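Residue numbers (full-length UniProt numbering), protein chains in the order written: chain H, 1 to 104; chain P, 1 to 104.
Be aware that one or more of the hints could be misleading.
[Stated by the list, open to error] Computed footprint of chain P on chain H; a stretch qualifies when at least three of its residues, placed anywhere within it, have a C-beta under 8 Å from a C-beta of chain P: (1) 63-72; (2) 80-88.
[To be verified] Stretches of chain H that chain P covers, calculated by requiring three or more beta carbons in the stretch to come under 8 Å of a beta carbon on chain P: (3) 1-15; (4) 40-46.
Hints listed in this document are in silico derivations from the structure and should not be mistaken for laboratory results.
Please read these numbers as outputs of a predicted model, since none were measured by experiment.
Don't be surprised by glycine CBs; every beta carbon is placed ideally from N, CA and C.
Number of protein chains: 2
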Amino acid sequence: MIHEVAAIQIKPEAGILFERAFLRAVPLFERAKGCRFIRLERSVEDPLRYLIVIGWDMIEDHVSGFRSSEDYGRWRDLVGDLFAAPPLVDHTEVIVAYSLKDIG
Amino acid sequence: MIHEVAAIQIKPEAGILFERAFLRAVPLFERAKGCRFIRLERSVEDPLRYLIVIGWDMIEDHVSGFRSSEDYGRWRDLVGDLFAAPPLVDHTEVIVAYSLKDIG
Numbered sequence: 001m002i003h004e005v006a007a008i009q010i011k012p013e014a015g016i017l018f019e020r021a022f023l024r025a026v027p028l029f030e031r032a033k034g035c036r037f038i039r040l041e042r043s044v045e046d047p048l049r050y051l052i053v054i055g056w057d058m059i060e061d062h063v064s065g066f067r068s069s070e071d072y073g074r075w076r077d078l079v080g081d082l083f084a085a086p087p088l089v090d091h092t093e094v095i096v097a098y099s100l101k102d103i104g
Numbered sequence: 001m002i003h004e005v006a007a008i009q010i011k012p013e014a015g016i017l018f019e020r021a022f023l024r025a026v027p028l029f030e031r032a033k034g035c036r037f038i039r040l041e042r043s044v045e046d047p048l049r050y051l052i053v054i055g056w057d058m059i060e061d062h063v064s065g066f067r068s069s070e071d072y073g074r075w076r077d078l079v080g081d082l083f084a085a086p087p088l089v090d091h092t093e094v095i096v097a098y099s100l101k102d103i104g
């Protein structure tokens with residue numbers, strides 16, 4: 001699995017709108033081929049900065065699949081106007097992962 | 001829980017060294033107060049770019065706890081020389097999280 005990690009700066013006072021729009025967009029990802037999870041994280045240091053992390057089976061599911069789908073247009077329609085700048089998108093693969101202190 | 005998200009650019013050809021050093025550093029986090037998980041992710045686009053994501057019970061467990069501990073010095077001793085630039089560190093809280101297609 002590949003993680004799409006998108007760093008997004010939104011416009012001032014758009015926080016609640018952006019979070020609501022993200023929730024409305026969940027079904028777009030739910031039906032996207034190869035999409036395994038989605039997560040919205042908000043920065044503690046700057047509440048106008050968000051991370052969207054999306055798990056895809058393969059990078060192609062995001063880059064050539066979702067991005068060329070009609071749902072990508074719907075996604076941009078929902079959230080695009082709230083972006084203060086183009087998102088910075090990276091793809092990562094997990095190299096090491098440990099859960100600690102799950103017991104006790 | 002808070003996520004510490006550190007974006008790290010490492011020196012050319014330091015990849016294997018960095019990943020080995022990260023593995024050796026796992027016990028430092030394992031015994032750190034409030035540390036719930038650690039994850040090392042490598043960028044697909046640039047294999048010299050990594051994300052370290054660490055789950056902390058509270059932001060203080062990282063900022064005033066771990067960073068002022070002797071283990072922080074040990075962590076920097078293990079990996080600091082491999083950094084090409086100071087890490088960019090953010091803290092986030094999860095706003096929305098969905099796991100999709102776990103069934104079937």
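Comparing the hints with the structure gives:
no.: 1; hint: 63-72; in the structure: violated (count 0)
no.: 2; hint: 80-88; in the structure: violated (count 0)
no.: 3; hint: 1-15; in the structure: holds (count 3)
no.: 4; hint: 40-46; in the structure: holds (count 6)
In this structure, the hints that do not hold are numbers 1 and 2, in rising order.
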